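Student: Take the sequences, apply the hints, and build the full model.
One letter stands for each residue in the lines below.
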Amino acid sequence: MIAELGLLFTCAAFALSIGQALLLTQAARKGDAALLASGRWAAGLAAVFATFALLALIAGFLRSDFSLAVVAQNSHPNKPLIYKIAGAWGNHEGSMLMWCLVACIYGFAAASRAPKDGRDESWLDARAAAVQGVIATLSFAYLIFASNPFARLDPAPLRGGDLNPLLQDPALAIHPPLLYMGYVGMSVVYSYAIAGLWSRAEPKAWAKAARPWALAAWSFLTIGITLGAYWAYYELGWGGWWFWDPVENASFMPWLAGAALIHSLLVTERRGAFADWSAILAIACFSLSLLGAFLVRSGIITSVHAFALDPARGVWILGLLGLATFGGFGLYAMRARGEQGEPFAMVSKEGFLLINNLVLVVACATVLLGTLFPLISEAVTGATASVGPPYFNATFGPLLALGLILAPAGVLLSWRRHIGLAALRPLLGGAALAVVFALAAIIGASAPWLAASCAALAAWLLWGAGVDLHRRAGGKTVGESLKNVRRVPLRGWAGVLAHAGLGVFALGAGVETSMRQETTIALAVGETGEAGGAKFRLDAVETGEGPNYYIDRARLTVTDGADQYEMAPERRYYWAARTPTTEVAIRDTFGSDLYVAFGEPVGASGGKVEAADDKPRWRFRVNRNPFVGFIFGGSALIALGGLLGLIGRLGRGASPARAPAKTAESVKA
Amino acid sequence: MIGAIILAAVMGLETPLADPAAEKRAQNLFMEIKCVVCQGEPIAQSGAEVAADMRIRVREEIAAGKSDAAIRSDFAARYGDEVLLRPSAKGLGAFLWAFPLVAFVIGALALWRNAASRSRRAQALDPDPD
Numbered sequence: 130m131i132a133e134l135g136l137l138f139t140c141a142a143f144a145l146s147i148g149q150a151l152l153l154t155q156a157a158r159k160g161d162a163a164l165l166a167s168g169r170w171a172a173g174l175a176a177v178f179a180t181f182a183l184l185a186l187i188a189g190f191l192r193s194d195f196s197l198a199v200v201a202q203n204s205h206p207n208k209p210l211i212y213k214i215a216g217a218w219g220n221h222e223g224s225m226l227m228w229c230l231v232a233c234i235y236g237f238a239a240a241s242r243a244p245k246d247g248r249d250e251s252w253l254d255a256r257a258a259a260v261q262g263v264i265a266t267l268s269f270a271y272l273i274f275a276s277n278p279f280a281r282l283d284p285a286p287l288r289g290g291d292l293n294p295l296l297q298d299p300a301l302a303i304h305p306p307l308l309y310m311g312y313v314g315m316s317v318v319y320s321y322a323i324a325g326l327w328s329r330a331e332p333k334a335w336a337k338a339a340r341p342w343a344l345a346a347w348s349f350l351t352i353g354i355t356l357g358a359y360w361a362y363y364e365l366g367w368g369g370w371w372f373w374d375p376v377e378n379a380s381f382m383p384w385l386a387g388a389a390l391i392h393s394l395l396v397t398e399r400r401g402a403f404a405d406w407s408a409i410l411a412i413a414c415f416s417l418s419l420l421g422a423f424l425v426r427s428g429i430i431t432s433v434h435a436f437a438l439d440p441a442r443g444v445w446i447l448g449l450l451g452l453a454t455f456g457g458f459g460l461y462a463m464r465a466r467g468e469q470g471e472p473f474a475m476v477s478k479e480g481f482l483l484i485n486n487l488v489l490v491v492a493c494a495t496v497l498l499g500t501l502f503p504l505i506s507e508a509v510t511g512a513t514a515s516v517g518p519p520y521f522n523a524t525f526g527p528l529l530a531l532g533l534i535l536a537p538a539g540v541l542l543s544w545r546r547h548i549g550l551a552a553l554r555p556l557l558g559g560a561a562l563a564v565v566f567a568l569a570a571i572i573g574a575s576a577p578w579l580a581a582s583c584a585a586l587a588a589w590l591l592w593g594a595g596v597d598l599h600r601r602a603g604g605k606t607v608g609e610s611l612k613n614v615r616r617v618p619l620r621g622w623a624g625v626l627a628h629a630g631l632g633v634f635a636l637g638a639g640v641e642t643s644m645r646q647e648t649t650i651a652l653a654v655g656e657t658g659e660a661g662g663a664k665f666r667l668d669a670v671e672t673g674e675g676p677n678y679y680i681d682r683a684r685l686t687v688t689d690g691a692d693q694y695e696m697a698p699e700r701r702y703y704w705a706a707r708t709p710t711t712e713v714a715i716r717d718t719f720g721s722d723l724y725v726a727f728g729e730p731v732g733a734s735g736g737k738v739e740a741a742d743d744k745p746r747w748r749f750r751v752n753r754n755p756f757v758g759f760i761f762g763g764s765a766l767i768a769l770g771g772l773l774g775l776i777g778r779l780g781r782g783a784s785p786a787r788a789p790a791k792t793a794e795s796v797k798a
Numbered sequence: 410m411i412g413a414i415i416l417a418a419v420m421g422l423e424t425p426l427a428d429p430a431a432e433k434r435a436q437n438l439f440m441e442i443k444c445v446v447c448q449g450e451p452i453a454q455s456g457a458e459v460a461a462d463m464r465i466r467v468r469e470e471i472a473a474g475k476s477d478a479a480i481r482s483d484f485a486a487r488y489g490d491e492v493l494l495r496p497s498a499k500g501l502g503a504f505l506w507a508f509p510l511v512a513f514v515i516g517a518l519a520l521w522r523n524a525a526s527r528s529r530r531a532q533a534l535d536p537d538p539d
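Which chain is which? The protein sequence lines are A and B, in order.
In this text, residue positions in the first sequence follow the numbering used here: the first is 130, and each later residue adds one.
In this text, residue positions in the second sequence follow the numbering used here: the first is 410, and each later residue adds one.
Keep in mind the hints are simulated off the structure, nothing from the lab.
Errors might be hidden in some of the hints.
[Said to hold, decoys possible] Stretches of chain A that chain B covers, calculated by requiring three or more beta carbons in the stretch to come under 8 Å of a beta carbon on chain B:
(1) 301 to 307
(2) 369 to 381
(3) 471 to 484
(4) 494 to 501
[To be verified] One-sided and incomplete, this derived list gives chain B residues near chain A with beta-carbon spacing under 8 Å:
(5) 488
(6) 493
(7) 524
[As the list claims (entries may be wrong)] Which bits of chain B does chain A cover? Going by a derived footprint, with three or more residues having C-beta under 8 Å, they are:
(8) 495 to 506
(9) 509 to 519
In this text the structure is predicted, and so the values were computed from the model without any measurement.
Quick reminder that beta carbons are idealized off the backbone N, C-alpha and C, glycines included.
Tutor: Here it is as structure tokens:
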């Protein structure tokens, strides 16, 4: 019964989304405030009904209603409560419902921003909410006609299949919602770009309206991707965190385009320049989000992460992708102004932001080409090919490094005019510090060149962020700036934190990738062995039972230098899903993780015999992963920067965008 | 099944090479060779039996004194080009490898020309105090 209600709510939200699109379109065309109010109601009710629909699906999971196909395939009565709830979006149909819900919420938020009396001449918010209504309508159509989460099974099976055990994890429970807030958030930016082209509004106006959405979507995408990488690190038991897998690339492409967009929108909003370029990027961001959905769900590219492979659904998503892309670029071709905006010198903030965009767009295109290349190659020459980490590291790495080297300089330059390279003098200290860091890494820690250059980059970026903060605080001396630092507005912190975060991330990524150590040892109970510079004693191997799995747990006493502590890596067997998983034990020791994964017994119990005696010996894979925390910490700083930029804007409402910089300037003067 | 693959990855039964430099080469090659029965994973992280056999083969060939390039072409000859995660730079692969640099240079030239014309117009402007 509750499933039928859920479907009814979904259809209601579908109908209301159509209403939202039509009413708001009419409102904008006629300039009718009454229609705007009705459209806003439709958008709000669509969001409410979509929420009810998701709650109905969650109820189905909570009650383990196996007459529902998605529940039967993805749930089990013994599954813990949180994963029953998260199970609602841990599958294709449920995740599409969540996509629709997020689209409705964003649509309502955009409609709510429209001035109630129609003061806004170009009706930007109303138009954007109308476009958002179209996107929600198409998403609901796809949901209802091609992936109905409320489809029934007859006869209902007696027991369910269980959620993929790898996904039964706290980080992965909240990973999809965050990722969708990012992907669908890009649809709002798209909607504003379309609204801007449609209304022929001033570029400054739509850029100003779109930028908070871009910041929000991009920040959520950052958090979502970081959680996914963190999950891969501790759950897959392999010690890696990024694999350049097609599904990872699918989320990374909109992130790169989004990073280009928030920088480009900054210029459009402040100087009116790059207006056309910002519109192209906004359209591309959402297209790339849809392309990601298509790649992940159509099964056209195989990946370990992909779920719900279905070519028929692929065709639907491809249709949406085509519509959004060609529709968007078609409108762009008709309406683009082709204006140059205000002139600027090459060595100016605008010039460097253009280079930033060039780097990010080429990086994004490279990831796209590498991801699609196996398909292209097979279609064009019939030759099969694979594109993996060696290609991406070799091409993406240098591009990223170039962008990171230029970033601190771009921050210090002036808008419009070449004010002389003297502006960059504060960075000399950063260059010296970078050299010191690189030398220290090579001489002190015999680091490989990759780790050393990343250490140098980190020093350079952190110094640059410090100089930027010093400048924003406006003190004559560092001490004076430190006193003033609380007066730096949140928006000022955004760039400082995000760029510092990039430095922290580069340090972690470079050091971890090139200095990770891995050893495998086999221990019998009571035996001691050495791996990764620590001594391991296997005290016991105990068995136990979780709610929906069995456990083998190794009790290890680790002697690491002067420290002694216990580690207890586990192997689990999820009996409903018939899937084993590994739960690694991780010990953070002064910036480097000791990472232990528990393997199978060898010897007596039928495995390949290694020891002459009869006692089974257990395999352990021991990794020393230096600076891993910097990777996730740096990513968190980047996301925090984006969110502060967003909060700083929302808090200040409609006041002029340039005020904070002026404040800093007047303090300096 | 994915879980089984991943779990098994933890416990490779093969013995590392005695020479650390040779073992490092083996580890690097493991990252570049795709497991033929898995979905796009390198043999370094796959626990499928085939992947274990492939790792043993890599170590054997290193022990036999073969160069990395020779090992790569051995694997490509045996399993097809798609076994290499480092795509070949021949044919379409040349386009793939050249793309980032070419795209960057073309983009940079376009920006330079565009910026040069803007820059001439900007000469007369006062600096914006922001």
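Student: Can you list which hints this structure breaks, lowest number first?
Tutor: 1, 5
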